[in-house]
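For the protein sequence lines, the chains are V and Y, in the order given.
Using my numbering, the letters of the first sequence correspond one by one to residues 27 to 532.
Using my numbering, the letters of the second sequence correspond one by one to residues 17 to 422.
Hint data in this document are derived by calculation from the structure and do not stem from the laboratory.
Please read all numbers here as calculations on a predicted model, not as lab measurements.
Please note that a few of the clues may not be correct.
[Stated by the list, open to error] In silico DSSO-like cross-links for lysine-lysine, where the CA-CA straight-line distance does not exceed 27 Å: (1) Y:K230 - V:K452; (2) Y:K314 - V:K377; (3) V:K355 - Y:K230; (4) V:K424 - Y:K314; (5) V:K55 - V:K238.
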Amino acid sequence: MADTLLEMRNITKTFPGVKALNNVSFEVKEGEIHCLVGENGAGKSTLMKVLSGVYPHGEYTGQIFIHGEEQVFRSIRDSEKAGIAIIYQELALFPDLTVYENIFLSNEICNGQVIDWNETIKRANELMKRVGLDVNPAAKIKSLGVGKQQLVEIAKAISREVKILILDEPTSALNEVDSENLFGLLRDFKANGVTCILISHKLSEVIGIADKVTVLRDGQTIITLDAQAGALSENEIIKNMVGREIENIYPKREHIRSNEVVLEVRNLNAYNPAVGRELLKDINFHVNKGEIIGLSGLMGSGRTELAMSIFGNPEKYKVDGEIYVRGKKYAFTHPNQAIDAGVAYVTEDRKAKGLILIQDVKHNITLANLRQLARNMVIDEYRESEVAEEYRQSLNIKTPSIEQTVGNLSGGNQQKVSLGKWLFVKPDVLILDEPTRGIDVGAKFEIYTIMNRLVQQGMSIIMISSELLEVLGMSDRIYVVSSGRITGELSIEEATEEKIMTLATD
Amino acid sequence: MSSIANANPEKSPTFFTNIGRVLSENIREYGMFIALFVIMGFFTITTEGVFLSSRNIVNLINQAGYIGVLAVGMTLVIVIRHIDLSVGFLGGFLGAVAAISMVQWNLPVYIVIPMIMGLGILAGLLTGFLVAQLGIPSFVASLAGWLIYRGAILVVTEATGTIIIANKAFNAIGNGFIPDILWANLFPNIHKITLVVGLVAIILFIISEINNRKQKLAYNFEVLPMNIFVIKLVLISLIIGGVTWLLAGYQGLSWTAVVVLIVGGVYHFITTRTVLGRHIYAVGGNPEAAELSGIDVKKIIYTVFGSMGMLSALSGMLFAARLQSATTTAGVLWELDAIAAAYVGGVSAAGGVGKVTGSLIGALVMMSLTNGMNLMGIGISYQYMVRGFVLALAVIFDVATRNRGK
């Protein structure tokens with residue numbers, strides 16, 4: 027039996043208001059491929075960030091051992107020295123630098139302070155051969171496809187003495203051929219004694235390659251399963267990922283059965299020319315009046331891209347397809363047209379894309395509908411204050427005054443300001459992208475209550491969410507998105523966590 | 017009275033703790049005024065009062081005028097996280113075009129002024145096109161403009177050298193004063209209209225402040241304690257009154273000052289009270305959020321650069337009128353003076369923050385330095401250094417007070 031290479035013992039990591047990891051223990055044997063699975067927010071990435079020194083020693087409690095020796099990582103550099111290399115989902119390469127420059131970035135081969143480029147290129151060639159990358163080492167990263175970029179990342183990782191290679195969702199952007207190549211490479215590494223930790227949502231892949239599978243849920247280790255020789259089924263993994271009672275945090279509401287279609291999307295395709303990726307394929311769905319539609323799916327499945335493509339396409343994707351709002355066909359070219367047609371979108375990233383943090387509550391709430399408050403383009407500040415005050419009260423925004431800078435509010439209250447801004451637009455269809463991400467349970471309950479009130483008043487809501495329980499607790503109908511396609515539609519009666527997860531990992 | 021005034025009642029705040037609190041809470045806003053007073057006081061002492069003489073104050077305002085106008089436009093450009101380096105030579109070039117159209121083409125002044133401003137808008141929109149439509153960084157786009165307009169000035173002044181402008185009406189913009197028609201026999205040495213204008217300004221200011229305060233109290237917003245509020249009213253009224261008195265003692269309000277006051281007033285109104293103004297600051301505060309809130313960010317960029325071009329044209333005409341001629345060197349370093357004035361006036365390089373009025377004060381601070389040092393007979397080489405130090409100090413002060421707020 028192989029030795030234990032890595033052991034993480036009783037790791038606890040808290041963020042303000044959230045316990046991301048609660049007493050997690052995790053053990054990896056030498057030379058195995060160990061998969062880490064779990065829902066979004068289960069704590070997988072946080073655990074790997076603890077391991078790789080992104081969260082330095084002292085910011086978490088618990089111990090890390092490598093070969094039985096306790097490790098203290100104060101920075102990423104320390105973990106690299108101990109032989110840990112991590113490759114993130116979002117590749118961290120420099121697109122305008124060459125392959126060999128990227129491989130040896132921050133690990134340059136020098137004579138004194140001068141870089142030895144000949145030696146660098148020679149060594150880069152060797153590494154590229156090892157990972158099966160057959161391109162000119164002087165090619166720029168941006169000229170390579172995603173699969174090859176990933177190989178550059180791996181070459182970079184193994185350019186140092188690497189004992190543990192961590193891959194976070196390596197195949198999420200890869201096609202099947204590239205994925206298969208990558209797994210072949212990982213098996214080679216295994217044969218050469220390199221240990222891999224793989225985070226993945228694609229369970230079929232996990233079963234195909236893993237020696238061991240550890241399931242995390244809500245920041246806790248649930249189980250470590252032996253996966254050798256295909257002895258493990260997807261169902262067993264899913265059961266462990268979700269198995270939990272629906273907590274009573276979803277306020278009750280009668281499910282609406284209306285046949286009045288408010289929003290309909292037909293044959294929508296989207297392509298991102300900036301990165302040359304197909305985002306959405308043949309999307310068809312509709313939303314009825316007074317309904318909450320749950321748009322479920324894992325991160326990166328295309329849910330936000332779908333919302334963006336409907337909401338005036340601010341990211342300038344190439345979109346084709348038909349969008350109908352209350353029976354009228356629209357071709358939006360800017361969010362303001364979507365807003366005028368009665369569609370509103372509350373972003374998942376309220377700090378970067380939702381709010382103007384340096385401005386006050388009042389200005390943020392009225393921003394999307396200032397014309398309503400203006401006569402001859404001059405703003406009536408009395409009415410503006412009244413409106414802001416009204417939303418402060420109806421949404422229970424906890425702030426000393428509506429003149430408080432939004433950046434000083436808590437996450438939950440920021441989310442309410444963001445919501446207030448879009449309610450003031452008085453939309454027919456409200457798209458909520460991860461409406462409760464990063465806010466505490468009390469604020470979540472308030473947001474849910476507000477959502478229920480809105481649909482009772484006749485608004486329709488599309489709720490994008492990674493949390494299965496939230497989707498099951500709030501929706502009237504559910505669409506599941508995976509890899510840019512809608513893989514299924516479920517009524518609330520037939521929907522279960524297992525069914526959604528199966529469709530989402532399809 | 018003071019019981020109403022204290023929106024957040026504390027244990028009987030004394031006058032001095034009030035002053036201390038208000039000062040420290042608004043140090044960024046008041047810091048600039050304090051700096052201006054210190055600078056003016058310093059020069060008044062070192063020049064034995066010459067600095068604060070009627071004649072010099074009029075001179076100072078006329079000198080600061082063209083930079084002030086540019087600084088107003090530059091404020092908005094910096095607020096939306098861009099920069100425009102082309103404004104100086106664009107102004108200089110358009111000033112020369114104005115001169116040519118009057119001198120060589122014999123166009124009347126009431127056609128020349130709107131025409132030049134129109135050309136300025138076109139030039140600004142062109143920069144806006146490069147920035148908004150083609151995505152070229154504004155630094156580079158406007159640097160190209162800087163070179164092009166620099167060359168253009170040389171082209172149009174090449175044949176004749178300096179173009180002398182003989183049009184009296186045009187030159188009055190830079191040198192003239194508003195006429196004094198009231199009571200011609202009463203106090204012949206005092207400019208009565210100027211006094212009336214000053215008085216009206218004080219009354220309007222007090223009324224608007226009191227209304228504003230009432231409105232804020234009605235919404236339970238925090239307001240200044242009553243005693244501080246009164247002091248603020250009295251102080252600002254005194255300043256307006258004092259400046260008016262000084263101006264009235266010479267030849268009264270100059271047309272340049274009128275132009276700057278109108279530009280400042282209009283832009284202050286647009287930025288603080290209109291939808292357009294709110295959209296500009298939203299784009300500066302967070303362009304992505306603004307776009308997702310339905311604001312057409314490109315349109316805002318066009319508008320701001322277009323306005324910058326228009327103000328460059330106005331600035332160029334103010335300068336040409338002041339010199340009564342168009343010269344080859346018009347426009348040199350104006351853009352940097354305008355940018356410096358905006359930064360001294362509290363505009364944030366990070367975007368979304370900055371007031372038009374602040375930049376005007378900033379322009380006055382910078383011009384006071386030049387003017388005062390000239391009176392003291394300090395050489396130009398040291399003047400540059402002193403202005404550099406003041407700019408650095410202003411920005412350090414700004415950053416320090418900003419960080420403290422967090």
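Please verify whether V:K55 and V:K238 have alpha carbons no more than 27 Å apart. Since the Cα atoms of V:K55 and V:K238 sit roughly 9 Å apart, the hinted pair holds (cutoff 27 Å).
Straight-line alpha-carbon gap V:K355 to Y:K230, limit 27 Å: violated (49 Å)
Going straight from one Cα to the other, do Y:K314 and V:K377 come out at no more than 27 Å? Given pair Y:K314, V:K377 holds - Cα atoms ~22 Å apart, limit 27 Å.
Is the Cα-Cα distance between Y:K230 and V:K452 27 Å or less? Distance of about 31 Å is beyond 27 Å: violated.
Sort out whether Y:K314 lies within 27 Å of V:K424, counting only the CA atoms. violated (35 Å)
Going down the numbered hints, you'll see the structure goes against 1, 3 and 4, while the others check out.
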